[in-house]
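Trainee: Chains G and X, in that order, give the protein sequences.
For reference, each letter of the first sequence is one residue, going 1 to 412 in our numbering.
For reference, each letter of the second sequence is one residue, going 413 to 814 in our numbering.
These are computed hints drawn from the structure, not numbers from a lab.
From the three backbone atoms N, C-alpha and C, an ideal C-beta is built for every residue, glycine too.
Check each hint, because a few of them may be wrong.
Sample of chain X residues with no beta-carbon within 12 Å of chain G, all distances over it, derived [claimed, not checked]:
1. 448
2. 489
3. 500
4. 519
5. 557
6. 684
7. 732
8. 810
If the Cβ cut is set under 7 Å, some of the chain G residues that face chain X in the computed set are [stated by the list, open to error]:
9. 114
10. 181
11. 316
Selected chain G positions facing chain X (Cβ under 7 Å, derived; list incomplete) [what the hints assert, rightly or not]:
12. 47
13. 52
14. 191
15. 309
16. 326
17. 383
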Amino acid sequence: MQHLPSADPAPVNQDEGVEGGERHNILRVERATRGIVIDWADGHKSLFHHIWLRDNCHCVACGNAAIGFRYLRVSDISPDVAPATVGLDDAGNLNITWEPGHHQSQYQAVWLRRNCYSAAERARRRHRPKLWDGTLNQLPEISYSEVTAGDNGHLRMLELLRDYGLVLIRHVPSVVGELENVATLLGYIEETNFGRVFDIIRTAEQKSIANSVQPLMPHTDEPYRYRAPGLILFHCIQANPKDGGVSTYVDGFKVAEALRREDPGAFDLLSRHIIPYRRLYADEVDVQAASRMINIDDAGNVIGIRFNDRVAAPLVLPEDAVEPFYAAFSKLAQLYGRTEFRLSIGLVTGDLMLIDNDRVLHGRTGFADGASFRHIRQAHVNRTDFHSRLRILGRRLGRADAELDLAPGAVG
Amino acid sequence: MQTQSIFPDPPSKRRSAIPREVTAGERAVTVAWDDGHASRFHWLWLRHNCRCDKCWNKLGDQTLQVVVNIPQDIVPKSTSLDDEGRLVLAWPQDDHVTVYEAGWLRAHCYSAEERRKRRHTPTLWDANYVKDLPVFERGDIEVGNLGNLQVLEQLRDYGIARIKGAAPVPDEIERLAELIGYIRETNYGRFLDVVTKPSPKILAYTPEYLSVHSDDPYRDLPPGFGIFHCIEADSVGGDSILVDGFKVADALRKENPGAFEILSRVPQQYSRYHEDDVDFRYEARMISIDYWGEISGFRYADRPIAPLDIQEELVEPFYDAFRKLSELTRRPEFEIRFRLTPGDVLLFDNHRVLHGRSGISGRRHLRTCYFEREVFRSRLRILGRQFGRGDYGLTMAGGAMA
């Protein structure tokens, strides 16, 4: 799908400074061989290459790259494009006339600063999650009435999820169907071979360990899909924490950082080598995918994790990597098992736990003999819409951090 | 202790090689097969993959043991072949015994040679393919039958498939969808009705020419497969244009290895914004290379691209590479064109094949929907096994991951 232009998002990011303040005030423009250097009032310098500036002209004829829509294509631009004239106008905009073609472009200072691609500005635009361990004393939580009262509560729920990777919604009506309503606040439920909603109820049929009485070590869900579920919703319809089945959560980013500190070699192996996963129900489903346990970006930041040693298929790696990989895998599994990282919460009827499955692992303790009926409904929503809503609502409510770059998740 | 019969075997089951001899080394066992191949399996790997009742939940296909419980320096007390050619290992802990069937072991041998053999190789195509592209009859296809499998195999191998004779009514797509998997719901709904609209939100709703592109590159994971079902075509133009992205990527690699290297290494952001509605942004590579160095996915569109936000020194080389790729996607030698008429269906792999269309005058109505890849592939394996295909277990390209 390709789309037609609508308005540019308003520049509300207060982190970028007051519009027209020092961050957005161009002192001087200098011409370099391949681009233009801008000196800002706060001391920062930006380099914009000629081809980049020409490509990002957002006049009516060229489109608007900042909102993902262009008429101008890269193949329309001469590789040797260069300015004939460069100037600042009274409003502080950068104006350029291009050769060949005499095309005129205008760039607002705020827009330029926001899209500056220097290493410093790129790092500044990155959202930093709040890492936690078992000592987290204030569980990120919110009441359902606040969430449903309007944009403020809705956004607060999304922000807690963004920052902590989990948020507990309290006092959700414990009826079948309410989970689906909560999901619409995040995005669209993903339908899979397990259906749209999965009922976690103890049964004799051991089709999934989730439905057994056994304890479950912390893990991420369904790594055998090319893209694991982005967000998981667990809605507690009925439970008595006295029976066991206490939910456990671990911040995978926190643990990945601990691994990086304690055993950099293991961290390197797990962020480089892939592990295959598989889920097979004979004659019904045979899903397979391979991915890294820790995903990092080009700067080395942890951006996503997957960990589920129960559905790991036989390892397929170059022979000389097999043993070092196992050692690293085992080390990571030990860290995930450490109680110091673990948060334990006995979900009660009416709780709805929302977790980022590309970051936070979940598990539960085993059940006592004669435990009463427990019913959790589970559904998955992707991250694309979650992040989109964070931006849309954040901008609507004037949040300073609405434009930050968010971690793309466990990409592969 | 048991065998792995519940775990269906990938392709080597076809002609089961027989182990002739096992030699226990310090860290691993070497299995010598009657076809001359030798496999090495590390002790750790062999202990970890035990499929006995204690270690494996057969019904749920989940292991019950965890890697932390296996000593890093584990070595079996004994290693032998039994009369049926199975590998039998006795472990020092708890008198545990693991038995591996020969076929299963061979199917999971991780030597470079065997890994290569297990890999599916897509058939790349260019403009000449238009005359050979098969058109399946809707009447021959039902969920789970041979026709269904053939459509899936065509999609696996070529990334596109055509069907004719579908009912030209809106709800036919629900039945077509069942041939592939589960429809992905998005902000655009479960279906899109691609018609010319008075106030078009997306370019597809205009009569304009659309150059070839992948759909929705701005999502974490773009839709895996698309179905376009033609309901009405009382129009001139609107010809479908298709290009094999893997062929183009391969051509780029040959003609300009430097450009290929940049586009397969440096991610850039795709974006989509509808005011106060959606704001999607996602950083991804145009060409995805998998762990083993193979082209595994293509994510390309030259309109929904955000301002390039990459390291300064890469900006100009990236533009050069992007331009080269863009030119290749427009070369007539790579594209096939045909016109969909009512009842025609086009299916395509959105992580491989680019699609576009010529400009339209008159009425034309396509209904479209999208699917995930793993469910499609699961179907392919399940049906392939049922119909005795030799290649159902092959490893397929991982897709345009990021």
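Trainee: Each hint: holds or not?
Mentor: The hints, checked one at a time:
1. Every CB of chain G is more than 12 Å from the CB of residue 448 of chain X (nearest about 18 Å), matching its label as outside the interface.
2. With a least beta-carbon separation of about 20 Å from chain G, residue 489 of chain X lies farther than 12 Å from that chain, consistent with its non-interface assignment.
3. Annotated as non-interface, residue 500 of chain X keeps its C-beta farther than 12 Å from every C-beta of chain G; the closest such distance is 18 Å.
4. The Cβ of residue 519 of chain X does not lie farther than 12 Å from every Cβ of chain G; its closest approach is about 9 Å, which violates its non-interface assignment.
5. A cut-off of 12 Å between C-beta atoms confirms that residue 557 of chain X is not in contact with chain G; the least separation is 15 Å.
6. Not every Cβ of chain G is farther than 12 Å from the Cβ of residue 684 of chain X; the closest lies at roughly 5 Å, contradicting the non-interface assignment.
7. For residue 732 of chain X, the condition that its CB be more than 12 Å from all CB atoms of chain G is violated, with the nearest at approximately 7 Å.
8. For residue 810 of chain X, the requirement that its beta carbon stay farther than 12 Å from each beta carbon of chain G is not met, with the minimum near 7 Å.
9. For the restraint placing residue 114 of chain G at the interface with chain X, the shortest Cβ-Cβ distance is roughly 9 Å, beyond the 7 Å limit, so the hint is violated.
10. Hint status for residue 181 of chain G relative to chain X: violated, with the closest Cβ pair at about 15 Å, above 7 Å.
11. About 5 Å separates the beta-carbon of residue 316 of chain G from the nearest beta-carbon of chain X, less than 7 Å, and the hint is met.
12. The criterion of a C-beta within 7 Å of any C-beta in chain X is met by residue 47 of chain G, whose closest approach is roughly 6 Å, and the hint holds.
13. At about 6 Å, the closest approach between the beta carbon of residue 52 of chain G and any beta carbon in chain X falls short of 7 Å, and the interface hint on this residue holds.
14. The interface hint given for residue 191 of chain G holds, since its Cβ lies 4 Å from the closest Cβ of chain X, which is under the 7 Å cut-off.
15. A distance limit of 7 Å between C-beta atoms decides the matter here; for residue 309 of chain G the minimum to chain X is near 5 Å, and the interface restraint holds.
16. Because the beta carbon of residue 326 of chain G sits about 5 Å from the nearest beta carbon in chain X, less than 7 Å, this interface hint is met.
17. Checking residue 383 of chain G against chain X by beta carbon gives a least distance of about 5 Å; that is within 7 Å, so the hint holds.
Checked against the numbered hints given earlier, this structure breaks hints 4, 6, 7, 8, 9 and 10; the rest are met.
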